[in-house]
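**Q** Protein chains in written order, with this note's numbering: chain A, 707 to 1057; chain B, 707 to 1057; chain C, 707 to 1057.
Check before you lean on any hint, since a few could be wrong.
Note that the list lumps identical chains together, so a pair holds whenever it fits in one copy or between two copies.
As a list, the in silico DMTMM-like pairs of lysine to aspartate or glutamate whose alpha-carbon atoms are at most 25 angstroms apart [said to hold, decoys possible]:
id: 1; residue 1: Lys979; residue 2: Asp903
id: 2; residue 1: Lys883; residue 2: Glu904
id: 3; residue 1: Lys730; residue 2: Glu994
id: 4; residue 1: Lys976; residue 2: Asp719
id: 5; residue 1: Lys937; residue 2: Asp776
id: 6; residue 1: Lys805; residue 2: Asp1056
id: 7; residue 1: Lys787; residue 2: Asp860
Hints are computed from structural coordinates only; laboratory data are not their basis.
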Amino acid sequence: MVTLLELTKSFPDLLKHYSGDLNKSVTNPSDADLARDSSIIFVQNPKYLQGALNSKAMALVIPENSATSDFDSDKVILTSKNPALAQSVVCLKHFPVTKNKTSYQDSLIASSAFVHSTAKLGKSVIIQPNVVIGPNVVIGDNCVIGANSCIEADTVIGEGTHIHPQVFIGHSCKIGKNCEIHPQTSIGTEGYGYSHDEKGNHYRIPHYGAVILEDDVHIGANYSIDRGTFKDTIIHKGAKLDNHGHIAHNCEIGENSLVTAGFLMAGSGKVGKNFVCGGRSAVAGHLEVCDNVMISGVSNVTKPITKPGKYGGFPIQSYADNTKTLATLPLLPKLRKEVAKIKKTLGISDD
Amino acid sequence: MVTLLELTKSFPDLLKHYSGDLNKSVTNPSDADLARDSSIIFVQNPKYLQGALNSKAMALVIPENSATSDFDSDKVILTSKNPALAQSVVCLKHFPVTKNKTSYQDSLIASSAFVHSTAKLGKSVIIQPNVVIGPNVVIGDNCVIGANSCIEADTVIGEGTHIHPQVFIGHSCKIGKNCEIHPQTSIGTEGYGYSHDEKGNHYRIPHYGAVILEDDVHIGANYSIDRGTFKDTIIHKGAKLDNHGHIAHNCEIGENSLVTAGFLMAGSGKVGKNFVCGGRSAVAGHLEVCDNVMISGVSNVTKPITKPGKYGGFPIQSYADNTKTLATLPLLPKLRKEVAKIKKTLGISDD
Amino acid sequence: MVTLLELTKSFPDLLKHYSGDLNKSVTNPSDADLARDSSIIFVQNPKYLQGALNSKAMALVIPENSATSDFDSDKVILTSKNPALAQSVVCLKHFPVTKNKTSYQDSLIASSAFVHSTAKLGKSVIIQPNVVIGPNVVIGDNCVIGANSCIEADTVIGEGTHIHPQVFIGHSCKIGKNCEIHPQTSIGTEGYGYSHDEKGNHYRIPHYGAVILEDDVHIGANYSIDRGTFKDTIIHKGAKLDNHGHIAHNCEIGENSLVTAGFLMAGSGKVGKNFVCGGRSAVAGHLEVCDNVMISGVSNVTKPITKPGKYGGFPIQSYADNTKTLATLPLLPKLRKEVAKIKKTLGISDD
């Protein structure tokens, strides 16, 4: 429970008072459907404004340009230049999700956890039950290591990082500060590299590189990120990866990239800063994508991209061109018939 | 071991005696190749009938319309209007798989499991080794919680549900009765929602919704299902999800849907009842698919579907139209040459 | 640290002395960028030769045909008919990765592991913390079972196999010698098989088959392989599967196949020996692919392949034809306009 006054004081750049009593307290953020009479709704999109106004909510945060001169409501109204950002910072500070960050016992370190005698844990580190922490692991202050997770030898984890349950982090990796890694994810597994003899047998090429997650990196659930052959696989600062993807050995993902679910990246590729991709997109091996590239869903980057912009398709095209290509596909059977008719008209025979 | 008489008595609607001695006992269901002289074969498809007749099996369950007047065999023959359903119910009752449902020690609750003091376990619940169960979790009668699984605070699990080993279920979720969740699956992870500041940094939008699995829902291995932002992500009653898929925040999967492997569903979408999809299909975000829709494999639903029927492709088309589109693709190089020839014939130059 | 003389003596067929002092010792394999003055570089591709020559490395292994008569370097130069294979065997023998194969405590069997009283462990088996091993499991000599992994009843694992942390292996499976299974992988989960009643409810068809991994099979991270209905799902000797794929019930993968990441195989299919596929390819159900087939990335095998060779696309074509089809796709909007123009020229109207 927090007063609206406190919210406007906490985030003066993001929250401006428009109308109503700031001394009222809100109990929870909500959407319109679920709102109670003490809820606050962050209206990210003007199309949801009317629904929010009609809801039971006590307070709304609305886009600043939605509060026109004739705007009137009996709710407490705050305006924001960025209601989505306001939602994030207000919720993270005042309504944090904590049920997944608790210690399960009186002590911070669960009695069933195995922490190697040479591992070093920072202050206020929570180790949930059945965690396994190998030799020489270093874990920074205020980290949470979720139940049944395993961190192999020599890996270093920065302050404030949250490793959810059932995560695997292989040996010698470096995880930055304030990272988050979700369940069933594998970081630092050996890359898929083999040599072959003349009989067709395959021999593993050992991988000595690590995986580096820089600060503020989030990795979703059921992800796999392989270590590099000699150099490291690197996810740069602030990149956010959704669930259920795979990044192969020696890859780099640029700073502040947004990688949605189902991503697949073959070995030794590099995508630049602020990369954004739709679901189930892929990047082929040994190629580079420059900074500030956006890729539509289900696309396959099969050649280097050297110019910022929007792209899509397979083969990869500009987004605009690919939209036209996609629109043509359903017309192909008709096009084929038309060409047959033209050939007949002209008396052109098949070769 | 069960007599054929007992089978016909147990499932009188599904199993009718056609010929042979019902007092014989069968030891195991089988296919034709592996059958022993005490096996029973369920012939789902008439094309496998001759192989079953030639096998060593003692008894066959055959489609009722396969037993024509001149049908003759020295095996015990039962007929069924639905041999596949007969196989399910007979096998589930008389030949259940139980090796994955056992307690590993004398007690039902393994000594190495961590069960929080505030958790409530029903009757005959089996908790395998190294399970972690958080505060206020409620587990119904006759559930099995597999080794190394983790169930976070406040989650409720209905009677008879089988959680396999190494499953993660986040806090505050609701799992119905008689559900089954396979290994390496994550239920209730935080949705992929971020806001962005003007510098391109991303801020998590906390997710307060849960994941609801209604009764009789099966989830395969290596699946991820994210919790909703405010409302819940819901998998409705009787839906069966194969392995290796991802369902994002705020989604709904309709009752009795059959979702095969590799499915990907972006946020805030809804598919109706009896949805059926082929492998590696996907549904884009913020759209609705009505009841009774079937999608072919490797399809991408990129717009709402409002009419029941069969669909396929990317962009999505009717199944019949997409079949034609797919058939045209290999012909494109030829089509291109033909158009070039026509242009030449007509003296049409490139613009 | 090993002398170059020892290397040439260990692998006389693969390493020939070309120039420089064989009594020098190398400390680590490397690439050119990270090389120190005691490093050895394996130059797999002549295009990387100059970079290796310019690096700090002490020694190079170069392709035998790269050492022409005028070749000169102050480094120690070895030649090889197969530098990649030389890299594998030298690294595996002299620079093995061992940090993921250690016991975490003084004893080989971690005190927190649960090993059922009826399980049989071979000599020098390492069981890391919190492992769960069920009744009648047999584990061969020199195996490593990673932290938090679970092996259900009756499964047999051959000598020298390395199960990484957080792997699930279901009951009654057989894992060969010298296999490797990476984290978050599920082997032996129940197949996706259901029967249906007239009301649209689904009933599980129990699966009695197992999963067999023959010797020298590697499975990547976050993989799922389902058990067969009656027969077994089989991955034949020497096959190497990358991360993040799914193989359904009753499938077979041929000997020495190379299956890259994101593979999806529907039920009851079979691919032959030496199958090679690019990323995110798929094989539909109930069909067979003969020996020695190569499939390009993002392809879908939708019909049987009976002739060895290279294939690609969806629908599947020869690789050469599919390359042409893919090249045509971006041209479709232009092709469509051309046909419209031709129709206008000829006075052909739409039907």
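**Q** Have a look at Lys976 and Asp719 and pick one of within, between, both or neither, based on CA distance no larger than 25 angstroms.
**A** neither (36 angstroms within a copy, 37 angstroms between copies)
**Q** As a check of your reading, is Lys883 near Glu904 (CA-CA no more than 25 angstroms) within one copy, between copies, both or neither?
**A** Answer is between: at 22 angstroms across copies they meet the 25 angstroms cutoff, but 47 angstroms inside does not.
**Q** Treating 25 angstroms as the Cα threshold, decide for Lys730 and Glu994: within, between, both or neither.
**A** neither (53 angstroms within a copy, 38 angstroms between copies)
**Q** Given a CA cutoff of 25 angstroms, do Lys787 and Asp860 count as a within-copy pair, a between-copy pair, both, or neither?
**A** neither (45 angstroms within a copy, 37 angstroms between copies)
**Q** As a check of your reading, is Lys979 near Asp903 (CA-CA no more than 25 angstroms) within one copy, between copies, both or neither?
**A** Classified as between; 15 angstroms across copies, 40 angstroms inside a copy.
**Q** If the cut is 25 angstroms between Cα atoms, do Lys937 and Asp776 qualify within a copy, between copies, both or neither?
**A** neither (61 angstroms within a copy, 32 angstroms between copies)
**Q** When no copy is specified for Lys805 and Asp1056, does a C-alpha distance of 25 angstroms or less occur within a copy, between copies, both, or neither?
**A** This pair counts as neither: shortest intra-copy Cα distance 70 angstroms, inter-copy 64 angstroms.
Of the numbered hints stated above, those contradicted by the structure are hints 3, 4, 5, 6 and 7, listed in ascending order.
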